[in-house]
Amino acid sequence: MIDKFVDSMAEAMAGIRDGSVVLLGGFGQVGQPDALIDGLIAQGAKDLTVVANNAGTGHTGLARLMELRRVRRIVCSFPRSAGSVVFEALYSAGEIELEIVPQGTLAERIRAAGAGIAAFFTPTAVGTRLAEGKEQREINGRTYVLESALAGDVALVEAWRADRFGNLTYRESARNFNPIMATAAKLTIVQTQQTILAGSLHPEVIVTPGIFVDRVLHVPYAMQTEMGGPDA
Amino acid sequence: MIDKFVDSMAEAMAGIRDGSVVLLGGFGQVGQPDALIDGLIAQGAKDLTVVANNAGTGHTGLARLMELRRVRRIVCSFPRSAGSVVFEALYSAGEIELEIVPQGTLAERIRAAGAGIAAFFTPTAVGTRLAEGKEQREINGRTYVLESALAGDVALVEAWRADRFGNLTYRESARNFNPIMATAAKLTIVQTQQTILAGSLHPEVIVTPGIFVDRVLHVPYAMQTEMGGPDA
Amino acid sequence: MPDTAPASIAALDRHGIAARIARDIPEGWYVNLGIGIPTLVAEHVPLQREVIFHSENGVLGVGPSPAPGAVNPWLINAGKQPVTLRPGGAFIHHADSFAIIRGNHLDLCVLGAFEVAENGDIANWATGKNDAASAVGGAMDLAVGAKRLWVAMEHTTKDGMPRLVERCTYPLTASGAVKRVYTNLAMLEITPRGFVVLEMVRGLDFEQLQRSTGAQLFHPE
Amino acid sequence: MPDTAPASIAALDRHGIAARIARDIPEGWYVNLGIGIPTLVAEHVPLQREVIFHSENGVLGVGPSPAPGAVNPWLINAGKQPVTLRPGGAFIHHADSFAIIRGNHLDLCVLGAFEVAENGDIANWATGKNDAASAVGGAMDLAVGAKRLWVAMEHTTKDGMPRLVERCTYPLTASGAVKRVYTNLAMLEITPRGFVVLEMVRGLDFEQLQRSTGAQLFHPE
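Residue numbers (this note's numbering), protein chains in the order written: chain A, 23 to 254; chain B, 23 to 254; chain C, 34 to 254; chain D, 34 to 254.
Here chain A stands alone, though its shape is the one from the complex (with noise of 0.2 angstroms):
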């Protein structure tokens, strides 16, 4: 029987390695794999590359993630935000190498990587900073910018339920860069608040298939936020 559910925190973050190209989840504090952060905080696995949308904020997850000097590069669209204190500090003392991506093209790069596709041409940034050493090129009178496909080697996702094959929904605007991220990793590890132990999730309102996931750990949300994860 096919059955994706883990246990426990480390039977989910077993065998991340050091060197690791490492996709997050969620846009400001919605749909952010809070919990796996914890877990592979704990974990250990360091000279990472995180690919998020934002650089963290305060001193938990992935902010301290990397005032443990565990993250080498951050990939991000937004990484100067309120709070975003352990980044600015780090990058302001050259600790942290920063790649800024527009958002649509860092969301579009990493469904590339998880659809096969290698590179593409998109109008985002032509004429910008951002677009500066790139190849450009005239398409039906309009130019564009080659960018290549981001792919993972473990992604973190937040999902709302989940169900043994490892088929996944989320919540509202939690959905946001999970579904994408689910798809564009060798790893792909799931927290869900939710489980369908006795059967599966209706196949019309499914968001990610479960060909996409490898393991999911089985995450309430109360455990989470009192706790700071289920093995904290």
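One or more of the hints may lead you astray.
What follows is a set of in silico ranges between Cβ atoms, one per label pair, in the way DEER data are often shown [unchecked claim]:
1) A:D25 with B:G37: 49 to 59 angstroms
2) B:T217 with D:N152: 47 to 57 angstroms
3) A:E119 with C:S98: 36 to 46 angstroms
4) D:N105 with A:E119: 50 to 60 angstroms
5) D:A103 with A:E119: 52 to 62 angstroms
6) B:E121 with C:S98: 49 to 59 angstroms
7) B:L120 with A:E157: 24 to 34 angstroms
8) A:E157 with C:R200: 21 to 31 angstroms
Rather than coming from a laboratory, the hints here were simulated on the basis of the structure.
Every residue gets a Cβ at the ideal spot worked out from N, C-alpha and C, and that includes glycine.
Given the structure of chain A, go ahead and fit chains B, C and D onto it with the hints provided.
Structure of chains B, C and D alone, referenced to chain A:
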């Protein structure tokens, strides 16, 4: 109040011009907007380019449109199949142009048009006759071929449920090409089996948001199969 | 106050600019609102005029802020503020959300800006070459992707320096993208000639507006 | 029948080839089956061994054919035959379906073929340069996209001409893509050396198999 429902087939078809590129949803008979194709036959536009997975079967629907010499060119992945008698006769007589596109490249070209991506590098068809004359490039040690976006003037789409905002769901394998074609045309016309008149579809299960939809015609299935379309 | 004194210029406040923009948005448009003054625009579109607000983080049909105590932690806009969902709304993922943006499906995007140039260039994300860690977010995608790009901003900086200029000095967000600018002083259209003044606030004359502007202004033809 | 007569060769029929392939598919794999012999493979995977069959037209979890009278007209496979959906199944659109294929997410694709070459080239969609209207469907995407491409076919044509060859003569579907070939006579792996014979049917010897094959055969190292 936003209301994308139209009352008649004539209203649904209004303004389709000679020379249009028409995207036809469906895979085989499933998810094909049969009533709208009949409506297009009645509407009269000619010199059309049709983009569809198949090239029609028997003497109805797309095959009938071709038989009436209204289709100049067809872009598809699977032209010759059981019953594609009209296409085969026209093609061997040199009376219709054909562009064969691998099915996944066809889907991705349509999706690219809807997503503002001008062109993309795909591994499909490299080393085959269908990549001849196309730009190729080695990226990370693998060869890819450049394919361009494929946009429509008009998309004809079959939905299962629609609300007044033009939000759509599909039924089972009738989803197929419909959602991507809905994104890729200047004018997207939908036939729907069911309507949500009193309210709107649940926001988590919508497959095509109304932003992609211009007109919706209610075509209950029984009517469609028994009478060939509401105006027939 | 006498009509001739400078103080009599009826400059708009932030809500005034937003309300002016809201008047120009017809029912049925799909609209993305940037952070700042643009976000306020939604408050000035009457609920009975159905406009579908899109947010980059995968929300179509963004509605007003929730009442205190009724905040849904799963539902935010691109500015990371809690919002509600209006009837007809839908949730989509980020690649689909930016397919909508890049694919030219939005009728309108309203952004704030540091500078707008007479050729339609917009600079709204970084203030200098040293500011390498600036947050671009979705601004570049929105600026090139929407059918219309309107800018909402103060006509000058706090120091009185013009924000409507011949050429942007700050790093560009997009080139040649802006169609209209709504400021606290005027509404201007960008045409092949440059800035054309369509409206000014009460008490302001063309010459005064020109003095606050870093590029040549034109009357409508 | 005596063991030495040619008639004693226990050549597999179409279901025999399909059943042999089914033995090699472990639980949990995501598998796409082409038209013809490959489609039969699903019938030989016991239902309790959970394998998720994918169909290009946006179905994950394809199940057995429905009982007569229980056909669901909205649910077909890529061969346009009515099917059912197994627990855990999902419906997706065509671009997402081919993202799965092209993006290297399928553990296995099984295709039929006219010819397979010793370098892994496969020809399965068109029989000649004149056949310009051949139907390629999703074969080219599947051949390059799946983690493993296995071919199911007769070892020779009806006229006895080899289908396993040094170089394909028919138009290619993909180059260097095939990993294994399952025929009515043998199971072969394609390696840098060429065709390596892993199994032969009962009553057949290596020399006989070589005579039915258009390329050099090798024993496993």
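Hints, one by one, checked against the model:
{"no.": "1", "hint": "A:D25 with B:G37: 49 to 59 angstroms", "in the structure": "holds, 54 angstroms"}
{"no.": "2", "hint": "B:T217 with D:N152: 47 to 57 angstroms", "in the structure": "holds, 56 angstroms"}
{"no.": "3", "hint": "A:E119 with C:S98: 36 to 46 angstroms", "in the structure": "holds, 37 angstroms"}
{"no.": "4", "hint": "D:N105 with A:E119: 50 to 60 angstroms", "in the structure": "holds, 53 angstroms"}
{"no.": "5", "hint": "D:A103 with A:E119: 52 to 62 angstroms", "in the structure": "holds, 59 angstroms"}
{"no.": "6", "hint": "B:E121 with C:S98: 49 to 59 angstroms", "in the structure": "holds, 51 angstroms"}
{"no.": "7", "hint": "B:L120 with A:E157: 24 to 34 angstroms", "in the structure": "holds, 33 angstroms"}
{"no.": "8", "hint": "A:E157 with C:R200: 21 to 31 angstroms", "in the structure": "holds, 26 angstroms"}
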